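Hey, can you piece these two chains together into the complex? The hints should help.
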Amino acid sequence: MHANATRISYALESTLESVNTAEQAALELASKTGFDQNECGRIGIAVREATINAILHGNRYDPAKRVTVCFESTPEGLTIAVRDEGPGLDPASLPDPLAPENFLKSSGRGIFLIRAFMDEVGFPSVATGAEITMTKFLRTPAGGSAKDQRDDAKDDQEATQ
Amino acid sequence: MTMKTTSRQVDGVTVVDLSGSITLDEGSAMLRKTVKGLAQQGSRRIVLNLGGVTAMDSTGIGELISAYTSVRNAGGELKLLNLTREVHELLRITKLSAVFDIQDDEPSAVAAFQH
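Line order of the protein sequences matches chains A and B. Numbering follows numbering that gives the first Met the number 0, with no gaps: position 26 of the first sequence is 25. Numbering follows numbering that gives the first Met the number 0, with no gaps: position 19 of the second sequence is 18.
Hints are computed from structural coordinates only; laboratory data are not their basis. Do not rely on the hints blindly, as some may be mistaken.
Stated by the list, open to error - Below, simulated DSS-like cross-link-like pairs (lysine-lysine); rule was C-alpha separation at most 27 Å, straight line:
#1 B:Lys35 - B:Lys94
#2 B:Lys3 - B:Lys35
#3 B:Lys94 - A:Lys104
#4 A:Lys104 - B:Lys35
#5 B:Lys32 - A:Lys104
#6 B:Lys94 - B:Lys32
#7 B:Lys3 - B:Lys32
#8 A:Lys104 - B:Lys3
Treat the numbers as computed from the prediction; the structure is a model and nothing was measured.
Pulled out of the complex, with its shape left as it was, chain B reads as follows (with noise of 0.2 Å):
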């Protein structure tokens, strides 16, 4: 299933909505590209909300490290929102969920940015 990312705003937070499977040829270029292009267009405060991902393998995690660097880079935060199980463990096992700011509901993401 190829991946669709819808993005939007709440309370000046641009929240991504991102769909399907973070694999290898399946949306991971337009993962970083959309991503790319919000912190070039100065969003600073980026959710991803994983909830509709299907799959995810080892190039999908290299997707959202190369999200989450391009975000830092241009001086911003980028929180990652409603894991499935399957995209926990994979950053469970890689340590990488120690480096993101990992939220369970909307409201508790676009908060996490006023402290």
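Bound conformation, chain A alone (with noise of 0.2 Å):
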């Protein structure tokens, strides 16, 4: 865990309700991290669409099951895990929503939205249930990201030493 950072978790009810609450929660966050509005509305429909598939794909809306939704706030970026209580899930699996045979579809865009609007996304393998990583870096002045510059500052130290 990050030095500096603030940890919020929520485990929330499988109902369609906890998917505005997990994504007003992002919102904030995400705002007191220092992101832009228009990061902030990124990084909000992450959360939204991890947490319906949690809710809908693996919960199934089962009233016993929870989701777990945790935020890492760190001087470098945000950093979110939507954990669920269901059959679990194979990300190779998922269907392309650009190949031509999926292209019309009317759902199927969740997780490529996800990917188009975070900078990493990871899928860790859990005991039970499914989980979703997704991190957003702040972006420096110069245009890198804050993890970029620590990275970067690493790598001068090693060089030094």
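Next comes the structure, spelled out in structure tokens:
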């Protein structure tokens, strides 16, 4: 965990109201982390899509199951993990929404949008259910990300040792 | 914010003004029903004015596609008007901006049916 991190976790019911709760929390924390309005909106959509997937495809509205949404805000950016208690997810099995056979389908774009809006997206293996992690890095005034700046400083430090 | 739709006729074109969210459980079904109903009633030239749309997610994108295909299947045409920056971005990322006829002002959208 980052030394200057703020962590907030929610255990949400498997209802559509939880989608709005998670999105609203993401918007507020993204703003506090330092993202501009446009980036906050993109992060909000990414969290919304991940929570929809967890409730619909993971927990399938099962009232006995919860969706856990964890936020970690650091000086470098914002990381979100959304976890369900469903049957699990194989990311390799996800259809490509840009493929001709899927292009005009009315569903199947949620994770595609998450990948488009976030800088890093992962699917760590978990004992039960499915988890998606996503990170958005703050941009520095020079245009790079705060993570790039940290990595460069680390490389410089190692080079001088 | 729940979605609201208002339909009006402009020079033989049905303009549907949308406001609010086109997201899962908030208006997405209403959009589908509205456009399908218009097509069943004989509207063949439909413009969706999205200027008042405050939020859209992947469900909303799917509903736009459903609206587009239902009008096309009925032998009509559907155009989009006044997209917000966010909706523009969603359609660009999903490459759907190449599918929809997107117009920036109402007179142009209505006139586009004449060509």
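For each hint, the structure was consulted:
Pair hint Lys35 (chain B) plus Lys94 (chain B) holds up; C-alpha atoms about 24 Å apart against a cutoff of 27 Å. Under the criterion of a C-alpha separation no larger than 27 Å, the hint pairing Lys3 (chain B) with Lys35 (chain B) is consistent with the structure, at around 16 Å. About 13 Å separates the Cα atoms of Lys94 (chain B) and Lys104 (chain A), which keeps this hinted pair within 27 Å; it holds. Only pairs whose Cα atoms come within 27 Å are accepted, and Lys104 (chain A) paired with Lys35 (chain B) is accepted, the gap being roughly 17 Å.
A distance of roughly 17 Å separates the Cα atoms of Lys32 (chain B) and Lys104 (chain A); the hinted pair therefore holds under the 27 Å criterion. Distance restraint check for Lys94 (chain B) and Lys32 (chain B): the Cα-Cα separation of roughly 25 Å lies within the 27 Å cut-off, and the hinted pair is therefore satisfied. Taking the CA atoms of Lys3 (chain B) and Lys32 (chain B), the gap is near 12 Å; set against the 27 Å cutoff, the hint holds. Simply put, Lys104 (chain A) and Lys3 (chain B) have alpha-carbon atoms about 24 Å apart, close enough for the 27 Å limit, and the pair holds.
Checked against the numbered hints given earlier, the structure satisfies every one of them.
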